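2 protein chains.
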Amino acid sequence: MDISLYLHSQGELIEQELDRLVPMRHGPGEQLFEAARYALLRGGKRLRPIFTLTTVRMLEGDLQLALKPACTLEMIHTYSMIHDDLPCMDNDDYRRGKPTVHKKYSEGHAVLTGDYLLTYPFELLATDSDLSADKKAQLIAILARHSGSDGMIGGQVMDLAYEGKKVSLETLRLLHRNKTAALLIAAIEFGAVIADAFPAQLDSLRQFGEAIGLLFQVVDDILDVTSSVGKHGKGMASDIRNAKSTYVSLLGLEEAQSYALNFYHQAVRMLKPLSCDTSLLVGLAEFILTRKH
Amino acid sequence: MDISLYLHSQGELIEQELDRLVPMRHGPGEQLFEAARYALLRGGKRLRPIFTLTTVRMLEGDLQLALKPACTLEMIHTYSMIHDDLPCMDNDDYRRGKPTVHKKYSEGHAVLTGDYLLTYPFELLATDSDLSADKKAQLIAILARHSGSDGMIGGQVMDLAYEGKKVSLETLRLLHRNKTAALLIAAIEFGAVIADAFPAQLDSLRQFGEAIGLLFQVVDDILDVTSSVGKHGKGMASDIRNAKSTYVSLLGLEEAQSYALNFYHQAVRMLKPLSCDTSLLVGLAEFILTRKH
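Top to bottom, those sequences are chains A and B. Taken in order, the first sequence gives residues 1 to 293; the numbers are from the numbering used here. Taken in order, the second sequence gives residues 1 to 293; the numbers are from the numbering used here.
The reader is advised that the hints may include incorrect statements.
No farther apart than 30 Å at their CA atoms in a straight line, the calculated lysine-lysine pairs in the DSSO-like style are these [what the hints assert, rightly or not]: (1) K68/A x K135/B; (2) K166/B x K103/A; (3) K103/B x K292/B; (4) K104/B x K165/A; (5) K104/A x K292/A; (6) K104/A x K103/B; (7) K135/A x K68/B; (8) K68/B x K98/B; (9) K98/A x K45/A; (10) K98/B x K272/B; (11) K135/A x K45/A; (12) K135/A x K104/A; (13) K292/B x K104/A; (14) K166/B x K292/B; (15) K292/B x K272/B; (16) K272/A x K68/A; (17) K292/A x K98/A; (18) K135/A x K68/A; (19) K68/A x K165/A; (20) K68/A x K68/B; (21) K165/A x K292/B; (22) K104/B x K103/A; (23) K272/B x K135/B; (24) K68/A x K45/A; (25) K104/B x K166/A; (26) K103/A x K103/B; (27) K292/A x K103/A; (28) K166/B x K104/A; (29) K135/B x K103/A; (30) K165/B x K166/A; (31) K135/B x K135/A; (32) K103/B x K45/B.
Read the hints as simulated data drawn from the structure, not as lab findings. This one's a predicted model, so the numbers in the text were calculated from it and none came from an experiment.
Just chain A, with the same shape it has in the complex (with noise of 0.2 Å):
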C-alpha cells in the first residue's frame, strides 16, 4: 500500500470522527469549543491514532472499536501543544503555520482549553459503550500514565529544568523518551489492548514505540534547523530561541542523521518476532524517518 495514501486516507477518518466528538456549541462558553476545535481541526499529521488503528489493523482487531479512543490521544497530544506553546512554556506564536492559540484567542482560553482536551478524553473513555469496563479502564491507565509524571508531563519539567543548560545525550533521551515517545508508545498499547494481544506482542510493540518515538524526536531537531518556517510552521525553531539542547545540538547534523537511522532499524528489528504483517507499521517508520515537515 502506498503510505501517504495510506496516511490521508486514515487522515481523513480521524479528522471527520474529531470533528464528531467535540462539535461547535453555542452559548456563554463558546468560545472553549471554537479554540478547542481551532486547536484539533484541520492540522497535523494525525500520527497517534495512525498508530492506533494501524495497530488494530494487523492484529485483525475490530476498527470501529479503536476509533474513538485513538482520537482522544490525538486530543492529549493537542492539549500538550497548547499548553507547551504558552508564553510561560516555549512562548510559540506559530504552530502548524497558524497563530497557536492563545495569540488567537487569548492564554486564559489557552489553559482553559488545554484543559478541557486533557479532561474529555477521559470522560469519552469512561463512557464509550462499545468498551468492555475491563477495556475502559486499561486505556484510561494506559493514557494517563504515559501522558503523567512518568511521561509527557514528567518530559515537560525536565524540559524546564534543562533549558539554557547543555545535557548528555542520555539525559536527552530520558526526557525525550518522556516528552514524545510515551505518548506514542500509548497509542500503540491502544491498539494492542483494543485488539487482545498477548503479552509478548505488547512487549515488542511497546519498544517498537519507544524506537519511533525518538526517531520522530530526532528528525524534529534536524528539520528544526534544515526547514524554514513556510515548511515546518512553527516560525523560528523555539527549542533554538530557548537555548535547548537538541540531537543535533549535541552531535551535530550529520550524527545526528544516521542516530535517526539507527532508531529506525532498531524500531524495524522490534517488529520481527510479531507473525503478522507488519509492513504498515513499517511504512510509518520508513515515513517519519524521511519525512519532510
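Once you've looked at the hints, dock chain B against the given chain A.
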C-alpha cells in the same frame, strides 16, 4: 457528633492519604512533585473528599474503598486553583495565606503541576485494585464530566467571558453551578456510587450537592467582602479586583445572606426522602453556611 471535630479527624485521614499518594520523588523532574505537594498538602478544608466519605458513611458503604477516590477530588480541586490563580486567569499571588504555585515556583511549573494533578487522578482511579472495573468507569465518568465543559472548565470559561460585565442572577447561578457546585456534586455522586446507592437516593443527593455548591459560593462571595486577608488568606479578593459579578455585588450583603440561608434550607430539604441518618450531611451544610473563612 461535634462537626468541627469530625472535620478535623476526616481532614487528617485525607492529609495522610494525599501525602502517601503524591510522595516526594527526587531526580531531574523533582520540582513537579515538590510543587504538587506544596499545593496539595497542609491546606484547605478538604470539603470535597469529606463529602464523599460522609456520603459513604451515611449509606453504610465501605469507607476503605472511598479514601483514595475521595482524594482524587481534592487533586482536581487543587489543579483548578493552581490554573485559576495564574496571571492570565485571576492573577492571585496568595492562596490559603501562602504564595501561589506560580509565585513560589514559576508560571511554567504552575501550568505543568496543574496538568499533573488533573491527569494523575484518572490513573489512580483506573488502577485502583480495590474497585471493580465497572465502578472505576463510573467514577472516572463522573469526575471527568463534572470537571469538564459542562462543569468546572465550562464555568471558568463563562467566568472569562463575563469578566467586567454585570450579569443576571440567573447567569451567575449557572456559572457557579458549573464552576463551584459541579465538583461538590461529583464528590457526593462518588459516595453514592461507592456505597451502591439506589437511583432515587442518588437523585436526592445530587440535588443536595447542587444546593450545597451554590451555598458555598454565596458564602464565599460574602466572606470576600467581610473577611480580611489574614482570615480568608487570598489577598484582596480577586473577584472584586477583576470586576466580576458576585452575589454581593448583585444582591447587596444582606440579601446575599438570606439567599445563602435559602440554599441551606433547600439542601436540607433534599435530604428528607433519604431513609437514613443524615445528621452529618446536615452538619456539613450548617458548617458551610456559618463558616468564617
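Each hint, compared with the structure:
1. The hinted pair formed by K68/A and K135/B meets the criterion: a straight-line CA distance of about 21 Å does not exceed 30 Å.
2. This hinted pair checks out: K166/B and K103/A have alpha carbons roughly 27 Å apart, not beyond 30 Å.
3. Of the supplied pair hints, the one linking K103/B and K292/B holds, its CA atoms being roughly 26 Å apart against a limit of 30 Å.
4. For the proposed pair K104/B and K165/A, the alpha carbon gap of about 22 Å is at most 30 Å, so the pair holds.
5. The hinted pair formed by K104/A and K292/A meets the criterion: a straight-line CA distance of about 27 Å does not exceed 30 Å.
6. Of the supplied pair hints, the one linking K104/A and K103/B holds, its CA atoms being roughly 26 Å apart against a limit of 30 Å.
7. The straight-line distance between the Cα atoms of K135/A and K68/B is roughly 21 Å, inside the 30 Å bound, and the hint therefore holds.
8. With a C-alpha separation of about 26 Å, the suggested pairing of K68/B with K98/B holds against the 30 Å cut-off.
9. With a C-alpha separation of about 15 Å, the suggested pair K98/A and K45/A falls inside the 30 Å cut-off, and the hint holds.
10. With a C-alpha separation of about 40 Å, the suggested pair K98/B and K272/B falls outside the 30 Å cut-off, and the hint is violated.
11. Using a Cα cut-off of 30 Å, the hinted pair K135/A and K45/A holds, with the two alpha carbons roughly 27 Å apart.
12. About 38 Å separates the Cα atoms of K135/A and K104/A, which puts this hinted pair outside 30 Å; it is violated.
13. Note on K292/B and K104/A: the hinted pairing is violated, with a Cα-Cα distance of about 42 Å set against a maximum of 30 Å.
14. Restraint check: the Cα-Cα separation between K166/B and K292/B comes to about 27 Å, which is no more than 30 Å; the hinted pair holds.
15. A distance of roughly 27 Å separates the Cα atoms of K292/B and K272/B; the hinted pair therefore holds under the 30 Å criterion.
16. Note on K272/A and K68/A: the hinted pairing holds, with a Cα-Cα distance of about 29 Å set against a maximum of 30 Å.
17. Taking the CA atoms of K292/A and K98/A, the gap is near 18 Å; set against the 30 Å cutoff, the hint holds.
18. Taken as a hint, the K135/A and K68/A pair is honoured in the structure, with Cα atoms around 13 Å apart against an allowance of 30 Å.
19. For the proposed pair K68/A and K165/A, the alpha carbon gap of about 40 Å is over 30 Å, so the pair is violated.
20. Under the criterion of a C-alpha separation no larger than 30 Å, the hint pairing K68/A with K68/B is consistent with the structure, at around 29 Å.
21. Of the pairs offered as hints, the one joining K165/A and K292/B is violated, with about 48 Å between alpha carbons and a cut-off of 30 Å exceeded.
22. Straight-line distance between C-alpha atoms of K104/B and K103/A comes to about 26 Å, which keeps the hinted pair within the 30 Å bound.
23. Simply put, K272/B and K135/B have alpha-carbon atoms about 27 Å apart, close enough for the 30 Å limit, and the pair holds.
24. For the hint linking K68/A to K45/A, the alpha-carbon distance of about 17 Å falls within 30 Å, and the restraint holds.
25. Between K104/B and K166/A the alpha-carbon distance is near 25 Å, which keeps this suggested pair within the 30 Å criterion.
26. Straight-line distance between C-alpha atoms of K103/A and K103/B comes to about 24 Å, which keeps the hinted pair within the 30 Å bound.
27. A hinted pair counts as satisfied when its Cα atoms are at most 30 Å apart, and K292/A with K103/A qualifies at roughly 26 Å.
28. About 25 Å separates the Cα atoms of K166/B and K104/A, which keeps this hinted pair within 30 Å; it holds.
29. As the CA atoms of K135/B and K103/A are separated by approximately 41 Å, the hinted pair breaks the 30 Å bound.
30. For the proposed pair K165/B and K166/A, the alpha carbon gap of about 49 Å is over 30 Å, so the pair is violated.
31. For the given pair, K135/B sits about 13 Å from K135/A by alpha-carbon distance, which is consistent with the 30 Å threshold.
32. Note on K103/B and K45/B: the hinted pairing holds, with a Cα-Cα distance of about 22 Å set against a maximum of 30 Å.
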